[in-house]
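Undergrad: The chain contents come next:
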Amino acid sequence: MASYRAPLRDMRYVLYTLMGGEELSSLPGYEEFTPDLIDPVLEEAAKLCEGVLHPLNRPGDEAGCVFENGVVRTPSGFPEAYATFREGGWTALSCDPAYGGQGVPHMVATLVEEMICSANLSFGMVPGLSYGAYVALHEFGTEDLKAAYLPALVDGTWTGTMCLTEPQCGTDLGLVRTRAVPQEDGSYRLTGTKIFISAGEHDLAENIVHLVLARLPDAPKGVKGISLFLVPKFLPDAQGRPGPRNGVSCGAIEHKMGIKASPTCVMNFDDATGWLVGEPHKGLRAMFSMMNAERLSVGVQGLGLAEAAYQGAVAYARERGQGRSLAGTKNPDKAADAIIVHPDVRRMLLIQRATVEGCRALALWTARHLDLSTHHPDPVAREESADFVALMTPVVKALMTDMGFTSTNLGVQVFGGHGYIREHGMEQYVRDARIAQIYEGTNGIQALDLVGRKLGAHAGRYLRRFFHPVGAYIEAHGEEERLAPFVTPLAKAFVRLQQATAQVARAGLRDPEEAAAVASDYLRLFGLTALGFLWARMAETALEHQGDDADGFHAAKLATARFYMDKMLPETGALFSVIMAGGASIGALDEAAF
Amino acid sequence: MTEIRSVAVLGAGVMGAGIAAQVANAGIPVMLLDIVPEGAAPERRSQLAEDALARMMKTDPAPFMSKAAARLVTPGNIEDHFETLSQVDWIVEAVIERLDIKQALYARLEAVRKPGSVVSSNTSTLPLATLVEGLPASFARDFLITHFFNPPRYMRLLEVVAGPDTRPEAVAAVTRVADHALGKSVVAAKDRPGFIANRLGVYWLQAAVVEAVDQGLAIEDVDAVIGKPMGIPKTGVFGLLDLVGLDLMPHVTKSLAAALDPQDPFHALNRPMPAIERLIADGYTGRKGKGGFYRLNKAEGKRKEAFDFTTQTFRPARKADVPALASAGRSLNALLEHPGPHGTYAWRVMGRTLAYAAALLGDAADTVDAIDEAMRLGYNWKYGPFELIDRLGADWLRGRLEAEGWPVPEALRVAAGRSFYRVEDGRRQRLDLDGQYRDVVRAPGVLLLQDIKLTSQPIMKNGSAALWDIGDGVACFEFTSKMNSLDADIMDLLGKALRRVKRDYKALVIYNEGTNFSVGANLGLALFAANIAAWSEIEALVAQGQETYQALREAPFPVVGAPSGMALGGGCEILLHCDAVQAHAESYIGLVEVGVGLIPAWGGCATMLERWATLGRLPKGPMPAIARVFEIVSTATVAKSAAEAKDLLFLRPTDGITMNRDRLLADAKARALALVEGYTPPEAPSYTLPGPTARTAMGLAVTSFRRLGKATPYDEVVAGALAAVLSGGDTDVLTPLDRDAVLALERSHFMRLVRTPGTLARLESMLMTRKPLRN
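Quick mapping for you: the protein sequence lines, in order, are chains A and B.
Residue numbers are given in this note's numbering: position 464 of the first sequence equals residue 1059, and the series is strictly consecutive.
Residue numbers are given in this note's numbering: position 456 of the second sequence equals residue 476, and the series is strictly consecutive.
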């Protein structure tokens, strides 16, 4: 069975060496988050994930959730693990101290999230969704609502959901039908059916707080007519404890490909009491505040699963003996050399490794700006960082879940037939990773978000936050010989990205379909170039540590950086050709001919 | 042939004074006379005219195109200076709208005016037949109505009404001077109340108001419907009434109602409007008062509010909410057929207005193009009513009128199965009431690209520009991009055009028929390129512009620029590189780059330095020219007329000015042809620039401005870059610089600025809000 060790060495490197995490404590509100506080947090999280969550991952997948008489039972051990998780304060990690949270910076919380996703993605769904609900309520809820619900959401005694999808309404939220009728006491009564509701019903917490998109009676059509409501499973009593049962119930749970230990529920709202969150008809805005947080988290899911698959594959490749090295026998004492000697196996492992380390850097780069966007004292700097997060959110979500899926798949491949059977847990990673490309906005939607909304926003201002630092880096280091193997390919990819960006923007102005036809390719080109920049920077730090590298960490970084530049970044060339070919051939085939 | 060389205007009110100013703008001396006010001091007997002149010097938008023009107006009074009227060729009467006063004045005029002189009245309410009643036949022969629109400098429409006795020669003389000198489009109107534009325009406004009140519609929605979708200015109905003044409307409707035949459909719309009367009584007379249908509520932090006819109160203004517009898309028929309240409203207002327009054919004017021109120029409609009917379909309109049971005008029956305009053999033709199509004839000497396009294909074109053959060996380069902004495609085609003209033509004119000649470089593209750090592309675009403009300057044939409207930034720079410019009088030229944190870098600095050094009539030494250019460019000065552009040397003293927009291309072509014989390109200049000392001096000046709060911190940065270029960089007076060296300075300082966050913020603000950022 696959084991998991939290990659703390690399996490600290990305946090401190690459992304300046030591400076977090210079931001107002983050004063206490010095390395001597952060490190123990990471170590404790590692212990919890390795010792408590990961052992439940395979059994949870085998057992799945059980639905009986409207009640959902999570797999054996999950309720106890959740209690441990909650009591350890992990649900409160990055929440507002005013509501009992710990106010941990996003950079740190992102690393903890990665560990949870590596260890047990199904388990992580529950606190993940709760955090999304927390974000929306914290930003848009009334003081009364916040006082009544946030403390329990923060300490984890209650959990949260996001109820968006309906049978007829997936990506297109304008189709929401659930109705909300205002009552004289200021509350609303909601009626309708929501599907695909993660953690909609379970046995982990004493109450569940649903955030529900619905329409008011006078609502305009489409997305401009949806409002956000808070609907608890149990209505709080006078003491704020769970009181009478509300008109919301679970009708069924889905049988699905992966994340089987996470209950995916059909939720029926039947005259359920709820309260408005944010302004009437402005539900989309409130919903996007949690959606954006969730999208970054889903990107991290791709990363976490890729890391777990990589660890499993490396361990197997070291011990599995098959054939002899083509360069000459490596281990004459054994009947065969370990398969890690074979170039194709090494190729797969290196793709996984470069993916994991690159994506980790990308996740923390974005998390860093998320921290700056809320805590930097200068409003201009806050806006710049918010721009960056807005720009990179679709890239992080789509790129990291696509690469996560590829990586978990390579994990199966390294195992060969043993990867395809359930025993080693490698195929579970593939199944679990698959959903991340779909939920919180499919990766196709992410690409449209990038091309349709983010490119043109404020006359292209968001782009500046990425292109200027990368452009400046290339200008500053383009002449350095020792960095040439990294900066030269980066510069090539960067020019491709610049030209593709101009092309996509031009095409989009003329004909939105032209831009939409190449959006996914463009997002990947963007993401691979971003990773190229991060790998160049990682190579730069590795070079600085030559001779001061007892554990060989930096030498390995440099080798992986070379691999990325040689074997992965060149994909940008093909993507560039694809983008420049435009959308003609996509529109050419008659619909009836499909 | 009567030639009008001197003019007098009687009556120094807003219209009379404005007419006098426009006559002066044309370079014609003019007397402005009014009565002697009771009890006037001996030295202030002409005070009405004198005060009107003083007032006009402060009016914005300015009635005068230049200070020199203002000096051509001689104020006087009709007691002491009446005899001098014997000297003038054309007397424009613009006194109070009272028949007795006008006729008494005419009788006095008849005694002094010189034989063959012309008298015209600017009346808008009194029929010509009534005005000449009881006056000698000699007067009636020389009398006509010239109905100007307010403000006379800017409104291009002039309705001319001739009586049965008026000499054709008199009409021709006035038409000629109005067309050529005053720049007006003369439309022949009949002696009917309100003439053309106001007869139809007032009917339209009245219909829109009455229907809006009856249906209880929000005024924002009305202005959104009866506005842009129909090619009507976005002020719509209520925004327009706020502009012209609510209090004016009752007077206008009253006088129209009194003059119109009893069966005229106007009477059905003319009813008391108590809500509006109360607004007027409360001081809500429009923008000149404390607001009108829209107001700014200062108590609520300058909140924009709109008057609500249902509640009879003001409420916060909101965005127009007209679902019919979205569902109709670009189809005007779909909008007028939309079943909702706004579709019904649009039909009830425009259906009637267009039917009324059709009924005016033969009554107010003889031809559809006269009526269309009157509405296009008098009310700034993009399409005249008959052009709108053609868009909808004359049969469609007739069908709907019949379905409503409304009367169908004769013109629509004549047009059954046809349209009011058609193009036949490359000529635009109009349908007349007798059922015949006849050519729409331009005044002699008018040359328009829109006509050339009916008969020919461009020599070459791309997405942003086109090159046309305009005859006699002259080619015309036209910008066709959005707002005529300059981009790489324009530069590309201009480069190709220069090679083609060299091979196949004698001369080139740069001209277009957009509202503005060019608003400058495409900032959106520039900012986008900057946002993605595509510095080399930006630099390439700067270099391409410099090279193309340089090639234009050095081309072996004459190039004449012919701007109208705004010619800003790069649009100004292309003119600076032409051999000559023939500018429409209403050209607004300037180098405004500093507003977006940049400096002119397509040769604007280099050429302005050269101009001021050679043509500036300044004290000796390099510094005065540099200082003057620095002052002009660092403050983004825009000339408010072609005449003013000469003062700033955006135009040379020898450049030509055309008063009539429609004659601009013909004049530019003639100028280009005149330059062909023996043409040699201008020599490359050599610059003597003082270098760092001059730069420091200009820097100090800006710093003191900033300390005084007249310049912002980032102004100082931009002005610093400008000073560096104008002073010649690191040169000194002993080292002459060539043009390439100055162009290189433009380029390098432009590139430095475009990489600076302050410039990017200014560009973003301009693009997103259309307002300059003062950072």
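In case anyone wonders, no lab produced these hints; they're calculated from the structure.
Careful, some of the hints might be misleading.
Per the computed footprint, the stretches of chain A lying under chain B, defined by three or more beta-carbons under 8 Å from a beta-carbon of chain B, are [said to hold, decoys possible]: (1) 689-702; (2) 1053-1063.
Quick list of in silico lysine-lysine cross-link-like pairs, DSS-like style, CA-CA up to 25 Å [unchecked claim]: (3) B:K339 x A:K816; (4) A:K877 x B:K78; (5) B:K660 x B:K78; (6) B:K324 x A:K819; (7) A:K819 x B:K78; (8) B:K660 x A:K877.
Partial chain B-side listing against chain A, Cβ under 10 Å, derived [as the list claims (entries may be wrong)]: (9) M269; (10) P270; (11) A550; (12) F725.
Even glycine gets a Cβ: it sits at the ideal position worked out from N, Cα and C.
Undergrad: Hint by hint, say whether it matches the structure.
TA: Here is what the structure says about each hint:
1. Judged by the Cβ-Cβ criterion of 8 Å, the region 689-702 of chain A is not covered by chain B as claimed, because only 0 of its residues qualify and three are needed.
2. Under a criterion of three residues with beta carbons nearer than 8 Å to beta carbons of chain B, the stated coverage of the region 1053-1063 of chain A is upheld, 8 such residues being counted.
3. Using a Cα cut-off of 25 Å, the hinted pair K339 of chain B and K816 of chain A holds, with the two alpha carbons roughly 17 Å apart.
4. This hinted pair does not check out: K877 of chain A and K78 of chain B have alpha carbons roughly 49 Å apart, beyond 25 Å.
5. The straight-line distance between the Cα atoms of K660 of chain B and K78 of chain B is roughly 14 Å, inside the 25 Å bound, and the hint therefore holds.
6. Using a Cα cut-off of 25 Å, the hinted pair K324 of chain B and K819 of chain A holds, with the two alpha carbons roughly 24 Å apart.
7. With a C-alpha separation of about 49 Å, the suggested pair K819 of chain A and K78 of chain B falls outside the 25 Å cut-off, and the hint is violated.
8. The hinted pair formed by K660 of chain B and K877 of chain A fails the criterion: a straight-line CA distance of about 46 Å is larger than 25 Å.
9. A cut of 10 Å between beta carbons decides the hint on M269 of chain B: the least distance to chain A is about 36 Å, and the hint is violated.
10. Here the hint on P270 of chain B is broken, as its CB sits about 39 Å from the closest CB of chain A, past 10 Å.
11. At about 8 Å, the closest approach between the beta carbon of A550 of chain B and any beta carbon in chain A falls short of 10 Å, and the interface hint on this residue holds.
12. Taking 10 Å as the C-beta contact cut-off toward chain A, the hint placing F725 of chain B at the interface is violated, the least distance being around 25 Å.
Of the hints listed earlier, those the structure fails to meet are numbers 1, 4, 7, 8, 9, 10, 12, in rising order.
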